[in-house]
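Below, each chain spelled out in residue letters.
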Amino acid sequence: MHAFDELKNMVDLKNGRIDRRIFWEDWIYQLELEKIFAKSWIFVAHESQIPKPGDFLTTYMGQDNVIVSRHKDHEIHVFTNSCTHRGNRICFADKGQARQFTCNYHGWAFGTDGALMGMHEETHYEGHINKPDWGLQNARVETYKGLVFACFDDEAPRLEDFLGDFRWYLDVILDQTEEGTEFIGGTMKNMFNANWKFGAENFIGDSLHVGWTHASGAKAVSMGGEVPEYMPVDPESFHANANGHGWEGGTDGLGTLELISSGNPALVDYFEKERAKMAKRLGDLRARKLYGSVISATVFPNFSFLPGINTMRTWLPKGPRQFELRSWTMVNKDMPDHIRDIVQNACMTTFSPSGIFEMDDGENWENATLSNEGVVTRKQSLHYGLRVGTIRRDDPEFPGNVSKPMYSDVNQLAFYQRWMDFLTADSWADIPKIR
Amino acid sequence: MDNENNTKETMTEVDSMLLWYRVNQFYNQEARALDEEDYATWFSMLAEDIHYWMPSRESLFRKDETADSVKNMNHYNESLPSLQLRVARLHTGAAWSEDPRTRYRHIVSNVEVNTGDKAGEIKVRSNTLVYRNRLEREEYWLLAKREDVLRDDGGTFKVATRKITPDFSTLLSKNLNVFL
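Protein chains in written order, with numbering that gives the first Met the number 0: chain A, 0 to 434; chain B, 0 to 179.
In short, the hints are calculated from the structure, not lab data.
One or more hints might be untrue.
[Claimed, not checked] Mimicking DSS-like on lysine-lysine, the simulated pairs with C-alpha atoms at most 30 Å apart in a straight line are: (1) B/70 with A/272; (2) A/51 with B/70; (3) A/279 with A/332; (4) A/332 with B/70.
[Unchecked claim] Taking CB as the label site, the calculated pair distances span: (5) B/137 with A/70: 43 to 53 Å; (6) B/104 with A/375: 35 to 45 Å; (7) A/121 with B/104: 48 to 58 Å; (8) B/153 with A/278: 25 to 35 Å; (9) B/100 with A/33: 41 to 51 Å; (10) B/106 with A/62: 14 to 24 Å; (11) A/62 with B/104: 28 to 38 Å; (12) A/375 with B/98: 18 to 28 Å; (13) A/176 with B/40: 45 to 55 Å; (14) B/153 with A/98: 57 to 67 Å; (15) A/321 with B/106: 20 to 30 Å; (16) B/58 with A/137: 21 to 31 Å; (17) A/425 with B/130: 42 to 52 Å.
In this text, a Cβ means the ideal position worked out from N, Cα and C, and glycines have one as well.
Using the sequences provided together with the hints, build the complete structure.
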């Protein structure tokens with residue numbers, strides 16, 4: 000296939016060049032659905048969203064709508080949300096409580112584990128159906144410290160191996176306390192007319208945009224005063240990636256705390272106390288240098304977060320030129336109510352559709368996508384060459400592939416390398432287990 | 000219903016019409032201030048202690064519906080200073096995405112006036128339709144219910160509380176760069 004051969008040249012890791020067609024072409028998008036979203040582990044929920052048997056939520060793995068449901072044995076099941084009779088959707092609520100999911104069309108009913116239980120006028124089906132054959136398609140489900148991931152490919156490695164060295168970074172937000180974390184306040188959803196990868200790559204490595212795109216937000220927070228240096232380009236700031244997942248940011252332990260605590264000194268006191276406790280669990284490096292710094296991260300392919308601001312989000316693809324953003328606020332379970340309220344409000348004020356930082360991102364991503372409608376425009380490759388080739392795999396402090404300082408395209412290129420690993424593989428046997 | 004009965008008992012029909020007219024005038028002025036990004040005027044129409052709240056919504060089975068709570072995700076959960084902070088962003092000279100400006104139009108209708116819980120306050124329900132048009136061909140429509148407490152302010156009003164209940168669960172645009 001001519002076009003498929005061309006695909007391999009669309010990501011030039013050596014020179015740091017990306018072909019714009021990966022943000023535009025329908026055939027590439029269809030490959031992403033088949034070869035990434037149907038093969039990779041995909042974030043689907045936090046365990047706290049479905050604490051009790053019968054609790055469920057609906058979300059997407061690629062464009063496959065799935066029900067994430069806690070069965071009566073407390074196990075979490077993830078299965079396709081489409082009746083095996085005529086294909087109608089069986090659950091239309093974003094979340095809730097259900098004993099079963101019954102299709103509106105002909106009353107076929109499925110259990111909270113996806114098994115076909117029965118149907119309207121069932122006696123007529125005697126001898127015409129073997130019900131155990133007609134359950135919904137279940138994905139594999141595994142969790143990592145509260146985060147629930149699902150995967151439609153039996154050959155995929157276990158979740159912990161898929162995350163690999165990146166677990167060391169995830170623990171900074173997931174393992175601060177004995178009690179662990181929870182999502183609070185429901186789900187925020189909004190649409191972007193942009194390619195989903197712009198969200199993922201922005202969070203995996205784009206510290207460079209912060210001082211420019213978000214200049215208005217940063218100035219507003221300072222209310223006319225001196226704009227604090229939220230993101231000093233500390234020579235120790237860094238990009239780190241492992242298996243296509245990436246983390247980037249500072250090591251001052253302060254930037255994000257200052258941002259979310261402006262006007263709330265109580266918050267700084269609280270976090271400093273937590274930091275001391277956290278050091279016992281995670282060590283000084285993670286508790287004192289990473290925690291509280293301005294950091295952003297992406298778990299391949301489409302789950303991103305900002306430690307400290309605590310927005311957790313997933314970029315759900317809806318075609319090559321549209322995605323839906325779903326976002327949540329995560330807190331530690333032992334966090335007192337008044338601190339939760341401050342964190343929740345700070346998260347909404349900065350990173351929600353009306354947030355003074357988030358507001359400007361969509362504008363950039365939409366137009367970075369749309370400009371590729373021009374056939375001439377689309378032929379010019381994009382520069383992803385900042386600090387290309389500076390990765391170290393033997394950093395004395397940080398696991399994974401590390402490059403310093405953080406103004407860099409290193410993590411973005413690692414993301415696209417992984418993207419290409421998946422797109423050009425026939426099966427998991429062809430995908431490197433460690434990157 | 001009690002409030003409506005009270006209104007009928009204590010006010011003549013002409014009084015009610017006059018109050019309704021004054022409230023409509025106030026809303027029209029407010030809509031114009033927002034259309035024109037005249038935030039100084041808008042802030043002058045808000046009480047110092049305003050609670051300006053727009054919860055986000057999800058699609059739930061009827062049996063699972065619960066009352067809105069500020070503890071949930073909110074598009075807005077604001078005081079006057081936090082509203083001012085949001086507007087300050089626009090005036091930094093660095094809000095690149097607001098230049099060229101968004102064209103806004105606010106339509107307020109279905110105004111229902113009721114007596115308030117406190118003297119000098121009234122409760123008002125209205126519907127609002129907000130249109131945004133940007134750059135070449137970006138177009139967004141927002142529809143919402145507004146529940147206000149308006150405080151009497153010597154012939155005019157101040158908005159003491161406003162709850163905006165949007166009719167969308169998924170916001171069909173990349174951001175919410177507008178007040179309703």
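Against the structure, the hints come out as follows:
1. Restraint check: the Cα-Cα separation between residue 70 of chain B and residue 272 of chain A comes to about 24 Å, which is no more than 30 Å; the hinted pair holds.
2. For the proposed pair residue 51 of chain A and residue 70 of chain B, the alpha carbon gap of about 21 Å is at most 30 Å, so the pair holds.
3. Among the hinted pairs, residue 279 of chain A with residue 332 of chain A is consistent with the structure: their alpha-carbon atoms are about 18 Å apart, no more than 30 Å.
4. A threshold of 30 Å between alpha carbons decides the hint, and for residue 332 of chain A with residue 70 of chain B the separation of about 15 Å falls inside it, so the pair holds.
5. The supplied range of 43 to 53 Å is met by residue 137 of chain B and residue 70 of chain A, whose beta-carbon atoms lie about 44 Å from each other.
6. Our hint of 35 to 45 Å for residue 104 of chain B and residue 375 of chain A holds, since their Cβ atoms are close to 36 Å apart.
7. Hint check: residue 121 of chain A to residue 104 of chain B, Cβ distance near 55 Å, so the stated range 48 to 58 Å holds.
8. Between residue 153 of chain B and residue 278 of chain A the Cβ separation comes to about 58 Å, which falls outside the hinted range of 25 to 35 Å.
9. A beta carbon spacing of about 43 Å between residue 100 of chain B and residue 33 of chain A agrees with the range 41 to 51 Å that was offered as a hint.
10. A beta carbon spacing of about 36 Å between residue 106 of chain B and residue 62 of chain A contradicts the range 14 to 24 Å that was offered as a hint.
11. In this structure the hint that residue 62 of chain A and residue 104 of chain B lie 28 to 38 Å apart at CB holds, the actual value being about 34 Å.
12. As the Cβ distance of residue 375 of chain A to residue 98 of chain B is approximately 27 Å, the hint placing it in 18 to 28 Å holds.
13. Distance hint check: the CB atoms of residue 176 of chain A and residue 40 of chain B are about 48 Å apart, consistent with the given range 45 to 55 Å.
14. Distance hint check for residue 153 of chain B and residue 98 of chain A: the Cβ-Cβ separation is about 59 Å, which falls inside the suggested range of 57 to 67 Å.
15. A hinted range of 20 to 30 Å for the beta carbons of residue 321 of chain A and residue 106 of chain B is consistent with their spacing of about 28 Å.
16. For the pair residue 58 of chain B and residue 137 of chain A, the beta carbons lie near 24 Å from each other, so the given range of 21 to 31 Å is met.
17. Hint check: residue 425 of chain A to residue 130 of chain B, Cβ distance near 50 Å, so the stated range 42 to 52 Å holds.
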